[in-house]
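Trainee: Please construct the entire structure, taking both the sequences and the accompanying hints into account.
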Amino acid sequence: IRTTCLTIVEHNYFETFIIFMILLSSGALAFEDIYIEQRRVIKILLEYADQVFTYIFIVEMLIKWVAYGYKVYFTNAWCWLDFLIVDVSVISLTANLLGYSELGPIKSLRTLRALRPLRALSRFEGMRVVVNALVGAIPSIFNVLLVCLIFWLIFSIMGVNLFAGKFSHCVNVTSEELFSVDIVNNMTECLELMEQHDDVRWVNLKINYDNVGMGYLSLLQVATFKGWMDIMYAAVDSREMEDQPEYEVNLYMYLYFVIFIIFGSFFTLNLFIGVIIDNFNQQKSKFGGQDLFLTEEQKKYYNAMKKLGSKKPQKPIPRPLNPVQGLVFDFVTKQFFDIFIMVMICLNMITMMVETDDQSEEKEAILFYINLIFIVVFTAECVLKMFALRQYFFSVGWNIFDFVVVILSIVGLLLADLIEKYFVSPTLFRVIRLARIGRVLRLIRGAKGIRTLLFALMMSLPALFNIGLLLFLIMFIFSIFGMSNFGYVKKEAGIDDIFNFETFGNSIICLFQITTSAGWDALLLPIMNSGPPDCDPDIENPGSSVR
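Numbering (UniProt numbering), first residue to last: 1 to 547.
Keep in mind the hints are simulated off the structure, nothing from the lab. Be aware that one or more of the hints could be misleading.
[To be verified] List time: in silico SDA-like cross-link candidates among lysine to any residue, alpha-carbon distance up to 20 Å:
hint, residue 1, residue 2
1, LYS226, ILE509
2, LYS490, ILE514
3, LYS71, VAL86
4, LYS107, SER92
5, LYS64, TYR13
6, LYS300, GLU125
[To be verified] What follows is a set of in silico ranges between Cβ atoms, one per label pair, in the way DEER data are often shown:
hint, residue 1, residue 2, range
7, GLY397, CYS535, 32 to 42 Å
8, ILE19, TYR233, 45 to 55 Å
9, MET194, GLU37, 33 to 43 Å
10, SER360, VAL440, 24 to 34 Å
11, ASP497, TYR233, 24 to 34 Å
12, ALA380, SER360, 23 to 33 Å
13, ILE277, LEU453, 13 to 23 Å
14, TYR100, VAL212, 33 to 43 Å
15, MET349, GLU37, 48 to 58 Å
16, VAL440, PHE266, 32 to 42 Å
Source: prediction; values computed, not measured. We put the beta carbon where it would ideally sit given N, CA and C, even for glycine.
Mentor: The structure is reproduced here in structure tokens:
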């Protein structure tokens, strides 16, 4: 039996089937958004599919137990990961069958199903090599992280002692303006004003220094320069606990933020990055200078590209025997001819740059005739080269590219009115006109430095693909987490109709925004709402019948 199970487990079809099931089950999680209650058919299909996936993964785990044995199975870190993720699915399925699916702990446990895509890590070698490199860097990362945490702890404790409970203020929620100290001096006066007006509230800044944990969060925003000025202004305006802030009454608190930015941001964060890079370089030297983020197959591609870049120049094209062709050949192969074409390309680029949306008819006519001259020049160049180089013309990739650009330019010129009026949409016509931009790319041919950079980029593509795939996997997991936990967050600040966690697509957009560090602090503020009137757990969301 064990031999049979081992044969099944190591068969390519079995592994391919399991990978397909992992991808399918992970994709199914993306459909469980806040609108799932309105899509009864999809919900029922997903429930049955979840059961099928769970049974398949249980059978896979049992077969591997028999094939490898418990000792071998549980000494493999990847198998442990599979075991834990399958256990989450089993517990969730059992709770559903017993009718306990609405219990709070079970709902929290179901959220861990978002980890299901992690099972793909051990199946895709590209992601596995990146993870192994990151795991190798953990000791160094942990040390520098500990230094950062201790260093930040000092500033967090200082912040708690200086600003704890002092960021609260009386505000008009309609105009979002603070009352001056002449009108409202403290919380007592604000509460009295609240009895007279419904649009007055005594609120605390969501990012504050009320405890060490919140202090860390505040320092993170300061260190990443996202929303840090609001925190700094609140600190500078703070007076005493339960007192209304006053403009720059605490002016010396600017020094707290300046010192932290110098040491806590510029120094510690760059130290963090430097240690990671140094660790990767050390790992690379241990492996003989080989790239850490490449699989064995990708290393073959890398070596092949490296040989391609260092190969000797191709055999020169022979001069034609025909005297006329010979004269043309001498002309098109001279450096002066190449310089002239490069100058024409640059001039063509300038004419494309001066086009505007509101240009006059006279300007449009002038640009049209200038473009016509360029088309004639580049067409003549192409014809002369084809005449002189003969069949060798199409043996060079750049010549083929020039030929395609010239053909598209001529087609766009001759059939402009006909195409735009009768046959295709204006959008397609604009796409044909964009062929002119291809002329600019010809500058790469004459710029050796740019060609070298592009070649280096081509050699880096496999490693970039592996890292990008791992990044997408992480974003996918956090997107599912976001849908499960933040789908019903009130739309305010950074959460709106586009940037939210209601659907998988919107969640990915939010995570892309966070990844680029673009306004992630605005996304955080609505998520930190903890009670009425900012949020109400009993309000029914308009996108779902779930409360």
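Trainee: Hints first: check each against the structure and report whether it holds.
Mentor: Quick rundown of the hints versus the structure:
The straight-line distance between the Cα atoms of LYS226 and ILE509 is roughly 18 Å, inside the 20 Å bound, and the hint therefore holds. At roughly 19 Å between alpha-carbon atoms, LYS490 and ILE514 fall within 20 Å of each other, so this suggested pair holds. Proposed proximity of LYS71 and VAL86 is supported: the alpha carbons are some 18 Å apart, at most 20 Å. The straight-line distance between the Cα atoms of LYS107 and SER92 is roughly 8 Å, inside the 20 Å bound, and the hint therefore holds.
This hinted pair checks out: LYS64 and TYR13 have alpha carbons roughly 15 Å apart, not beyond 20 Å. Restraint check for LYS300 and GLU125: the C-alpha separation of about 15 Å stays at or below 20 Å, so the hint holds. A hinted range of 32 to 42 Å is violated for the C-beta pair GLY397 and CYS535, which are about 59 Å apart. For ILE19 and TYR233, the hinted distance range of 45 to 55 Å is satisfied, since their beta carbons lie about 52 Å from each other.
About 38 Å separates the C-beta atoms of MET194 and GLU37, a value consistent with the hinted range of 33 to 43 Å. For the pair SER360 and VAL440, the supplied restraint of 24 to 34 Å holds, since their beta-carbon distance comes to about 25 Å. Evaluation of the 24 to 34 Å hint for ASP497 and TYR233 yields a pass: the beta carbon distance comes to about 29 Å. About 30 Å separates the C-beta atoms of ALA380 and SER360, a value consistent with the hinted range of 23 to 33 Å.
Taking 13 to 23 Å as the suggested C-beta distance range, the pair ILE277 and LEU453 conforms, at roughly 21 Å. Between TYR100 and VAL212 the Cβ separation comes to about 37 Å, which falls inside the hinted range of 33 to 43 Å. In this structure, MET349 and GLU37 meet the distance hint of 48 to 58 Å, their C-beta atoms being roughly 55 Å apart. For VAL440 paired with PHE266, a C-beta distance near 39 Å keeps the hint of 32 to 42 Å intact.
When each numbered hint is compared with the structure, a violation occurs for hint 7 only.
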